[in-house]
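The hints should help you fit chain B onto chain A, whose structure is shown.
Residue numbers (numbering that gives the first Met the number 0), protein chains in the order written: chain A, 0 to 442; chain B, 0 to 322.
No lab work stands behind these hints, which were simulated from the structure alone.
The C-beta atom is built at its ideal place from N, Cα and C for all residues, glycine as well.
The reader is advised that the hints may include incorrect statements.
[Claimed, not checked] With a straight-line Cα cutoff of 20 Å, these simulated SDA-like cross-link-like pairs (lysine to any residue) come out:
| # | chain 1 | residue 1 | chain 2 | residue 2 |
| --- | --- | --- | --- | --- |
| 1 | B | LYS320 | A | SER260 |
| 2 | A | LYS280 | A | TRP104 |
| 3 | A | LYS11 | B | THR13 |
| 4 | A | LYS421 | B | LYS320 |
| 5 | A | LYS364 | B | GLY112 |
| 6 | A | LYS364 | B | SER11 |
| 7 | A | LYS280 | A | PHE125 |
[Claimed, not checked] Counterexamples of contact, computed for chain A against chain B with all Cβ distances above 12 Å:
| # | residue |
| --- | --- |
| 8 | ILE26 |
| 9 | ASP113 |
| 10 | GLN115 |
| 11 | LYS194 |
| 12 | GLN245 |
| 13 | LYS280 |
| 14 | GLN436 |
[To be verified] Derived DEER-like restraints, expressed as beta-carbon distance ranges:
| # | chain 1 | residue 1 | chain 2 | residue 2 | range |
| --- | --- | --- | --- | --- | --- |
| 15 | B | THR16 | A | PRO210 | 34 to 44 Å |
| 16 | A | LYS364 | B | PRO92 | 32 to 42 Å |
| 17 | B | PRO92 | A | ARG362 | 46 to 56 Å |
| 18 | A | GLU322 | B | PHE57 | 40 to 50 Å |
| 19 | A | PRO123 | B | THR16 | 53 to 63 Å |
| 20 | B | THR319 | A | ILE435 | 43 to 53 Å |
| 21 | B | TRP62 | A | GLY319 | 49 to 59 Å |
| 22 | A | ILE435 | B | ILE131 | 47 to 57 Å |
| 23 | A | GLU103 | B | THR319 | 48 to 58 Å |
| 24 | B | GLU162 | A | LYS364 | 32 to 42 Å |
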Amino acid sequence: MKTFTIGGVHPKENKLSKGEKITVAPIPERVMIPLSQHVGAPATPTVAVGDTVKVGTKIGESAGFVSACVHSSVSGTVEKIDMFPDLSGIKKQMIVIKTDGQDEWEDSIIKSSDLQKDISGFSPEFIKEKIFAAGIVGMGGATFPMGVKLTPPKDVTIDKLLINGVECEPYLTADHALMLEKAEEICVGIELIKKVLGISTALVGIENNKPDAIAKMQQVAATYQGIEIVPLQVKYPQGSEKHLIQALTGREVPSRQLPASVGVIVCNVASAFAVYEAVIKNKPLIERIVTVTGTGLQKPSNLLTRIGTSFNDLLGSIGGVPEGTDKIISGGPMMGRAIRSIDVPVMKGTSGILCMTEKEAHRQKETNCIRCGRCVDGCPMGLEPYLLYTLSKKAMYAELNDHNVTDCFECGSCSFSCPAHKPLLDYIRLGKPKAIQLLNASK
Amino acid sequence: MLSVSPSPHYQSDTSTTRLMCNVLIALVPALIFSVVVFGFSALLLTAVAVISCLFFEFAIDKWLLKNEDISIKDCSAIITGVLLSFNLPNNLPIWMVIIGSLVAIGIAKMSFGGLGCNIFNPALVGRVFLLISFPADMTTWSKVSDYTIDGTSGATPLGLLKESILSGKTISQISLPSVQDLFIGNIGGSLGEISVIALLVGGIYLICTKTISWHIPVSILGTMFLFSGILYLVNPELNANPLFHICSGGAMLGAIFMATDYTTSPMTAKGKLLFGFGIGILTIIIRRFGAYPEGMSFAILIMNALTPLINKMQPHRYGTKKQ
Numbered sequence: 000m001k002t003f004t005i006g007g008v009h010p011k012e013n014k015l016s017k018g019e020k021i022t023v024a025p026i027p028e029r030v031m032i033p034l035s036q037h038v039g040a041p042a043t044p045t046v047a048v049g050d051t052v053k054v055g056t057k058i059g060e061s062a063g064f065v066s067a068c069v070h071s072s073v074s075g076t077v078e079k080i081d082m083f084p085d086l087s088g089i090k091k092q093m094i095v096i097k098t099d100g101q102d103e104w105e106d107s108i109i110k111s112s113d114l115q116k117d118i119s120g121f122s123p124e125f126i127k128e129k130i131f132a133a134g135i136v137g138m139g140g141a142t143f144p145m146g147v148k149l150t151p152p153k154d155v156t157i158d159k160l161l162i163n164g165v166e167c168e169p170y171l172t173a174d175h176a177l178m179l180e181k182a183e184e185i186c187v188g189i190e191l192i193k194k195v196l197g198i199s200t201a202l203v204g205i206e207n208n209k210p211d212a213i214a215k216m217q218q219v220a221a222t223y224q225g226i227e228i229v230p231l232q233v234k235y236p237q238g239s240e241k242h243l244i245q246a247l248t249g250r251e252v253p254s255r256q257l258p259a260s261v262g263v264i265v266c267n268v269a270s271a272f273a274v275y276e277a278v279i280k281n282k283p284l285i286e287r288i289v290t291v292t293g294t295g296l297q298k299p300s301n302l303l304t305r306i307g308t309s310f311n312d313l314l315g316s317i318g319g320v321p322e323g324t325d326k327i328i329s330g331g332p333m334m335g336r337a338i339r340s341i342d343v344p345v346m347k348g349t350s351g352i353l354c355m356t357e358k359e360a361h362r363q364k365e366t367n368c369i370r371c372g373r374c375v376d377g378c379p380m381g382l383e384p385y386l387l388y389t390l391s392k393k394a395m396y397a398e399l400n401d402h403n404v405t406d407c408f409e410c411g412s413c414s415f416s417c418p419a420h421k422p423l424l425d426y427i428r429l430g431k432p433k434a435i436q437l438l439n440a441s442k
Numbered sequence: 000m001l002s003v004s005p006s007p008h009y010q011s012d013t014s015t016t017r018l019m020c021n022v023l024i025a026l027v028p029a030l031i032f033s034v035v036v037f038g039f040s041a042l043l044l045t046a047v048a049v050i051s052c053l054f055f056e057f058a059i060d061k062w063l064l065k066n067e068d069i070s071i072k073d074c075s076a077i078i079t080g081v082l083l084s085f086n087l088p089n090n091l092p093i094w095m096v097i098i099g100s101l102v103a104i105g106i107a108k109m110s111f112g113g114l115g116c117n118i119f120n121p122a123l124v125g126r127v128f129l130l131i132s133f134p135a136d137m138t139t140w141s142k143v144s145d146y147t148i149d150g151t152s153g154a155t156p157l158g159l160l161k162e163s164i165l166s167g168k169t170i171s172q173i174s175l176p177s178v179q180d181l182f183i184g185n186i187g188g189s190l191g192e193i194s195v196i197a198l199l200v201g202g203i204y205l206i207c208t209k210t211i212s213w214h215i216p217v218s219i220l221g222t223m224f225l226f227s228g229i230l231y232l233v234n235p236e237l238n239a240n241p242l243f244h245i246c247s248g249g250a251m252l253g254a255i256f257m258a259t260d261y262t263t264s265p266m267t268a269k270g271k272l273l274f275g276f277g278i279g280i281l282t283i284i285i286r287r288f289g290a291y292p293e294g295m296s297f298a299i300l301i302m303n304a305l306t307p308l309i310n311k312m313q314p315h316r317y318g319t320k321k322q
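For reference, chain B alone in the conformation it holds in the complex:
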């Protein structure tokens, strides 16, 4: 007896699990860096976030939704856990991390139907929930022991910038860390966001393995660079230089790992560019004019909400070229 089925009789070796594992591999350099800088607490926080994300997804699948197929096998919950922890300060109480995981997996992911059905990036929903609920704990950054630069101890570069804007000081009156320090990660901040170089290594890996396309990261960082560059040219006393913007805060982590989440970003290349453009503009607007020092999370969530609309844009079709 021969099997019959319609064509194609050939499948590529990619699978959801494999793609998710690629993302995890790409996150390793940033994780190693955070452990080096923050010590054991970084590892503990990440482990707690990952384990609680896995547990909540498993529990909801098994006992609440009574699914026969347990979806944690696809590794996406691990990514949510790692990304959530990367967005948290290293001394956050453990129970808050668990609440964040519950919100990320329970509310942002599973209540919409699990992987592929959620509208908002789960890790970011978890983070923003914690930020709004526990603003003090979420913005208390520990001194980066030996790595502390004078004047930046206990504050993130973007926090300093916001303070200066709010207090009416000019950029030259405050001392912002140099771009080199930002690039390597000699600064305060959330677990996974501090080292540009570690994140870039991961990003290059993702693009080389074709796990993500270049469109979203390049358009986010490019837009941020251009828009903040224009502001900088208009008034360098009130606006930080564009390199500072793309290397500080969650810009790299957001552009490479958060905004590129498949489910919550557009499907077409054109859509991805537009999506990245929106995130870039919104981030700089929030950083410069908003109440929060950092706007990456909000910008991504806002553009997540617009993604179904952006998906209405059809790709360029064969046969529509004017002769």
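Here chain A stands alone, though its shape is the one from the complex:
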């Protein structure tokens, strides 16, 4: 069975919400929709305080080439447009909408869930236009605007579309649930993306800890031309774009370049589903599946959540923050972000909310490095984390560059595997921006 060849670790999976059906989260009283939910320029607001909006009304216009537009996920009145703390506690512009309880949708959106497989009527330009208009971003967490991704530079030829159904983060099951319940829609979405790129085959990578999803997707994909489901050996971080590319095609993306440079484009299964909804149902990206999980939760769930719902409301809908929770993470435990307050909204890239108890979140005491080499063995980029850690600590930034610190994408395999519990990634993260600064200055 295929997998990537360099490094990798095997964290405990803890997929508590495995097998849970997708349930619809209640619409909150208020949503807080950030104008920057993507990589690139924040959207500019197109509504004013006091305006009434419907579900799907555009409230933020894409500002620049790398940007994405933002839509209202509820019907109601715009209450505030102001700066509020985001996941990191940094204030960002957000639009607060008070819901009216009507849940009125824009007329252009087709609300029925009937499957439409025929895509012959759509031209590539039309599909791309819809993707831009729906504000779709990479939903695996990187949140790169999808429309931009599907517009590769003129001088490269794309010959492979890869679909990411790996979900290698422990605890998370959002993509898994989606593949089980929306396999047809995902496949139509893949067909649409293929049409935009003008290529004939797509490979869907799914780790073999999800045999039901592999079976379901294989069964559905068999009815389509050129969608191949590839089971992958379980190994973290296989969901990383670069590593999925290597696992599925054997190609390696050179340092500091995009997948397009090796003729590949990677999309998440949730993004493919969003493309289906945008093109077929004319529905912008206003909701997503969020895994709400943790050992303390009574019922870890996969919730179809309106963008802008606060973590507080979402957790409240399934019984509130459990007793003894010490750390709440947006995303998975390996690359997710620990949040300071639960008054932050679910965004397009929010794949999960994880509540950890103090015991789980506790970092073990650091001891001497025994030079066992586990960090080197685990690093999927083939770097030497123990060395980068020391160089960072000693502020030796030029040497950090000599050892390719810029390749590090902060997957956390090094800190995870260290038997001495060294905070390897913490220090590498501190040194990396300085090293990049130095690199740019010398150019």
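Same frame as chain A, but now just chain B:
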């Protein structure tokens, strides 16, 4: 109030102590075998070495370096003690064992900064110190009572081999123990090195629990086998067969337990293979052409010294593959 910290928020269950305990478990079969063969003296020697190693590390930590955190909790001093005793003949005077422990822990480990900072394998430094200081005591092997094979009493197989080489006899003129005897441990030698099978069981345990990777043991034994095999093919009258080499002396103990010491071996897979290759070649050269019958300890120490250099070799990086 929520705690915040950078990712990852997840740690594996390995810890230094757990890894060290795995090594100790892997040493148990060889220890049991040595007690069966050598009797109570083996247990006494091991106990003295372990207790003195623990004591010296504790004393240096507490009273000399005045560290708040006492490092003996990580169990690495116990391993040093066991490995040191495994490298000693069973009738060595107790006070020499204590001196060996002092050198191993005091000089080779703690003076460099403790666990993770030493350049040379502490147990081997202790052993080589004793070997050079007390050559007679360190090379007097007791008869392995009931297990003695005719002609091998009081000498190790490698000692016999060296004697034959030095005296100009051919291999067929001396009687070397059979590979079966070597494999089970029907031979004379240091406490822990005699039984290949007991050491292999420990080695397999270490590899299965992912405590060590296969690279170092396989490359040491493979290199020894190949290199001694070439010599054997060139002249079987003067060179012992390759199976004899990898089953005798400290080859197994060294390849599985001594050379794989984390701190003193390279970090990358490539480096580990090179490290093992060097040890294999050096061991056979010393055994065949050097003054000592056994060269494992010296080979490992020499390669320990080269480890920082080997660590300059960078691992294979993602994105460097030619399209």
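Verification of the hints:
{"no.": "1", "hint": "B:LYS320 <-> A:SER260", "result": "holds, 14 Å"}
{"no.": "2", "hint": "A:LYS280 <-> A:TRP104", "result": "holds, 12 Å"}
{"no.": "3", "hint": "A:LYS11 <-> B:THR13", "result": "holds, 12 Å"}
{"no.": "4", "hint": "A:LYS421 <-> B:LYS320", "result": "violated, 31 Å"}
{"no.": "5", "hint": "A:LYS364 <-> B:GLY112", "result": "holds, 19 Å"}
{"no.": "6", "hint": "A:LYS364 <-> B:SER11", "result": "holds, 13 Å"}
{"no.": "7", "hint": "A:LYS280 <-> A:PHE125", "result": "holds, 14 Å"}
{"no.": "8", "hint": "ILE26", "result": "holds, 26 Å"}
{"no.": "9", "hint": "ASP113", "result": "holds, 41 Å"}
{"no.": "10", "hint": "GLN115", "result": "holds, 39 Å"}
{"no.": "11", "hint": "LYS194", "result": "holds, 27 Å"}
{"no.": "12", "hint": "GLN245", "result": "violated, 7 Å"}
{"no.": "13", "hint": "LYS280", "result": "holds, 35 Å"}
{"no.": "14", "hint": "GLN436", "result": "holds, 20 Å"}
{"no.": "15", "hint": "B:THR16 <-> A:PRO210: 34 to 44 Å", "result": "holds, 37 Å"}
{"no.": "16", "hint": "A:LYS364 <-> B:PRO92: 32 to 42 Å", "result": "holds, 41 Å"}
{"no.": "17", "hint": "B:PRO92 <-> A:ARG362: 46 to 56 Å", "result": "holds, 48 Å"}
{"no.": "18", "hint": "A:GLU322 <-> B:PHE57: 40 to 50 Å", "result": "holds, 42 Å"}
{"no.": "19", "hint": "A:PRO123 <-> B:THR16: 53 to 63 Å", "result": "holds, 60 Å"}
{"no.": "20", "hint": "B:THR319 <-> A:ILE435: 43 to 53 Å", "result": "violated, 20 Å"}
{"no.": "21", "hint": "B:TRP62 <-> A:GLY319: 49 to 59 Å", "result": "holds, 54 Å"}
{"no.": "22", "hint": "A:ILE435 <-> B:ILE131: 47 to 57 Å", "result": "holds, 52 Å"}
{"no.": "23", "hint": "A:GLU103 <-> B:THR319: 48 to 58 Å", "result": "holds, 55 Å"}
{"no.": "24", "hint": "B:GLU162 <-> A:LYS364: 32 to 42 Å", "result": "violated, 53 Å"}
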